Structures are given as C-alpha cells and as structure tokens.
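*Asks:* Sequence:
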Amino acid sequence: MSFDLIVKGGTLPDGTVADIGIKGEKIAAIEPRLEAAAGRVVDATGNLVSQPFIDPHFHMDATLSYGLPRINASGTLLEGIALWGELKPLLTHEAVKERALAYCDWAVSMGLLAIRTHVDTCDDRLLAVEALLEVKKEIAPYIDLQLVAFPQDGLYRSPNARENTIRALDLGVDIVGGIPHFERTMDDGRRSVTELCEIAAERGLMVDLHCDETDDPLSRHIEQLAYETQRLSLQGRVAGSHLTSMHSMDNYYVSKLLPLIAEAGVSAIPNPLINIMLQGRHDSYPKRRGMTRVPEMLKHGIRVGWGQDCVLDPWYSLGTADMLDVAFMGLHVAQMSSPADMRTCFDMVTKVNAAIMGLDHLGLEVGKTASLVVLDAGNPIEAVRLRAERLCVVAKGKVVAEREKRDTALSIKGRPSSINRRHVVPPQAQ
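First residue of the sequence shown: 602, per this note's numbering; consecutive thereafter.
In short, the hints are calculated from the structure, not lab data. All values reported here derive from a predicted model rather than from experimental measurement. Backbone N, C-alpha and C define an ideal beta-carbon position, used for all residues, glycine too. Careful: at least some of the hints might be erroneous.
Cβ pair distances, simulated, as ranges [said to hold, decoys possible]: (1) Tyr886 with Gly968: 31 to 37 Å; (2) Tyr886 with Ser939: 35 to 41 Å; (3) Arg768 with Glu739: 19 to 25 Å; (4) Pro633 with Pro670: 56 to 62 Å; (5) Arg671 with Arg768: 29 to 35 Å.
Distance condition first, Cα-Cα at most 27 Å in a straight line; then the derived DSS-like pairs of lysine-lysine [stated by the list, open to error]: (6) Lys738 with Lys627; (7) Lys624 with Lys900; (8) Lys738 with Lys624; (9) Lys738 with Lys997; (10) Lys888 with Lys900; (11) Lys969 with Lys997; (12) Lys1014 with Lys969; (13) Lys857 with Lys627; (14) Lys969 with Lys738; (15) Lys624 with Lys888.
Take these sequences, add in the hints, and give me the full structure.
*Replies:* This is how it looks when you write it as structure tokens:
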C-alpha cells in the first residue's frame, strides 16, 4: 500500500507510538511502523500527535474588531453588549468577512480545525449571517464551521429578533441559539427557552443557548433548558453555554440541578478566559471566580467542553485562537490539578468538543477524516503546560501549516547550550 502522507513516529494521546498513513482525506492506517511509499513524510518522532483542537463557542462576527468604535472601559459583559450595539450599524459585509477569514488563518496555524460560532440575528440586514455563510463555504476544505442563529439582544426584547432568527435558519444557519437571561423578565427568558427548543425540534436542529451568563443566582434558565430537552426528546443535541450563575447558586439547589442536566443529556460549555474576566465585576472581596461548576458537572457525567468565546472584540482584549490557552486557564480556575484532571482538560478541547458539536468524522482512528496536529510536547499534560507549539497541522489530508522546531540557545558557562522546557515526568505522575 502507498499513502499520500505518512506522519511517522508520533506519540498518540494514550502514549502509543505509531505511524499514521493518510490517503486522500482519510486516515488509512495506524500502525507501529508503516513500511510504505508516501507522497510526503512528516517526522513526528518524540512529539505528540493529536486530533485537532475544536472550539464549540465563539463569536466570529465580532472577532478582531477590538477598539471599534471604542474600548470597553468598564470591562463588563453589559458594556460589551452595548458596545457591540454601537458597532453593528458600522459593520460592512466585506469587513466582517475579512476579519473572519483572518481569524480562520490564525486558527489553522494553531491546529484549531472546527469552530462553532454564534452570529447575531438582531440586525435586520442579516449582514453578518450572510458574510459568515460565505466564510463557511470558503474555509470548508480545512475548517468545519458551524453557525448558531443568535438573537443577541433577546428573542423578545429586540423587536425583529424572532423573525430574523427564523430567516437566518432558512438561509442555512445550522443551530438555534438564544440568550434567555437578557430578556426583560425571567418569565420572558423562560418562554424564549421553550420557543427556541420547539423551533429546533420542528427543524431537526441542535440547540446552543447562552444560558445564565450572569452573577445572579436566581437566573436558572438552565433548569428550563433541561426540561425542554426532555420534553422534546432533544437529548444529545443541546448545549448550555457559560452557565456562570451556577457559581453563585446555593449548594442545595445545585444538588438538585446537576442530576437534571445529566438526565437530560445537556452539554455544558464554560468559557474560562472570558468569564474569569467579565464576571464578578460588581464584587469587592471575596470575588467570585466567574465560571460554572466544572468538576461537579464532570462527576455527574455531564459532558463539558471548554470554549474560547472571544478574541480581540468588545468583550475581550486578548486572544490568539489557542485552545490550549483556554484549557490552561480552565485548569487553573476549576482547580483541576491532578494528572487525570489535566488530561481531561486536554480532552475537553479536542475529543469532547468534537462530541458536543456532533463531529463524528474526527478522531485518530482508521476511516476518520485525516485532520490532526503535531505538537512540541511529549504528552497531553505537557501540551497544556507549555501551550505547545504546533509543528505541523494536517487538515483533511493536506498539510496546511507547519513550523520548525527550535530550542532556545543559552550562553551560560557550565550550563547546556540550549533548552526547550520539556520535562521528563515520572510515569506515576503522568
């Protein structure tokens, strides 16, 4: 057998050392040693080979717009929403598309090959929706892009949001979104959850709601989302994003809530970089962490994946499309420091996020799509610790990004001539 591409000698996340043979867009073989001809060979010896990074929560219509038309002075979520409202009338189709494509270039360079982005449907022009539908087609050869119809100013609070959301879905947007905690009343928020889930059920679509992204412990729309998921048989197709109010809820209520979420098969998508920055802004001290109860969710069997949320936009002034940054921050804020927990954080930005997004074609298995990344790390924990360099990125069978592996030269008498900060960890600590 001959292959179009062989990735040789890489260490898989489970510690196995193997060659990966690729034909066309598929993984054709994974074996300890492939003795076969190939159009190209990538030497991954000593490096981690992983399935690609995946982001289940992003805002591509706003990305790379930081500073337009001004900077978020307070750093709060609400000022960010207000600032986005100022920017929307200034948007052009071309600018949204150009910034989105530029971000996708960043994503490819970081091995981020699948993204779910929410796109605002409260603009009657649906300008961003149309721009991102075009982007989706253009990047399809290397990035899987899912679009969420997101009535950002509220399904009922914004005059034409409901109609525009339906229009966006008719245009081909993939997923039903919402923001119940931003409606005028708690009851409106509850009704919006019900209606949005019914729309998804009628159309056979997935649901991903910004749910309870607030410090208010009485914002409990996740309870309604779990109920509607059960009522409408949407199990496995629903995600609640953010869920930050849970960090302020009393423990008794949460002890009831978590089993309901697990029973309904609702996934959770916390966004640690952004929520640790935005939440708790009204607190003095002690200050709330601004993130939902990830370890407790995992113990209940709830599927949890880390999301990026924002990069250089009205809500967040940093970001590089690096999902290892997201896992690194999540690990710290959730205090997930055991070896098993740290490996889980790596899985959360790879295979768990793939499952949340329904991307069954991705994975390091024969027959799966040949999308993978070679990392300058020995194992998943080291990859998170170092936020490891991406040495080679393969998307659908083609090398789309690569860089040379370079150690740092030292000029210190009696010390090594170079270092790379990789470290041999005792097996019991891995």
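*Asks:* Taking the hints in turn, state whether each one holds.
*Replies:* So, going through the hints one by one against the coordinates:
no. : hint                           : result
1   : Tyr886 with Gly968: 31 to 37 Å : violated (54 Å)
2   : Tyr886 with Ser939: 35 to 41 Å : violated (28 Å)
3   : Arg768 with Glu739: 19 to 25 Å : holds (22 Å)
4   : Pro633 with Pro670: 56 to 62 Å : holds (57 Å)
5   : Arg671 with Arg768: 29 to 35 Å : holds (30 Å)
6   : Lys738 with Lys627             : holds (20 Å)
7   : Lys624 with Lys900             : violated (40 Å)
8   : Lys738 with Lys624             : holds (23 Å)
9   : Lys738 with Lys997             : holds (15 Å)
10  : Lys888 with Lys900             : holds (25 Å)
11  : Lys969 with Lys997             : holds (10 Å)
12  : Lys1014 with Lys969            : violated (50 Å)
13  : Lys857 with Lys627             : violated (44 Å)
14  : Lys969 with Lys738             : holds (21 Å)
15  : Lys624 with Lys888             : violated (53 Å)
Hint violations for this structure: numbers 1, 2, 7, 12, 13, 15, all remaining hints satisfied.
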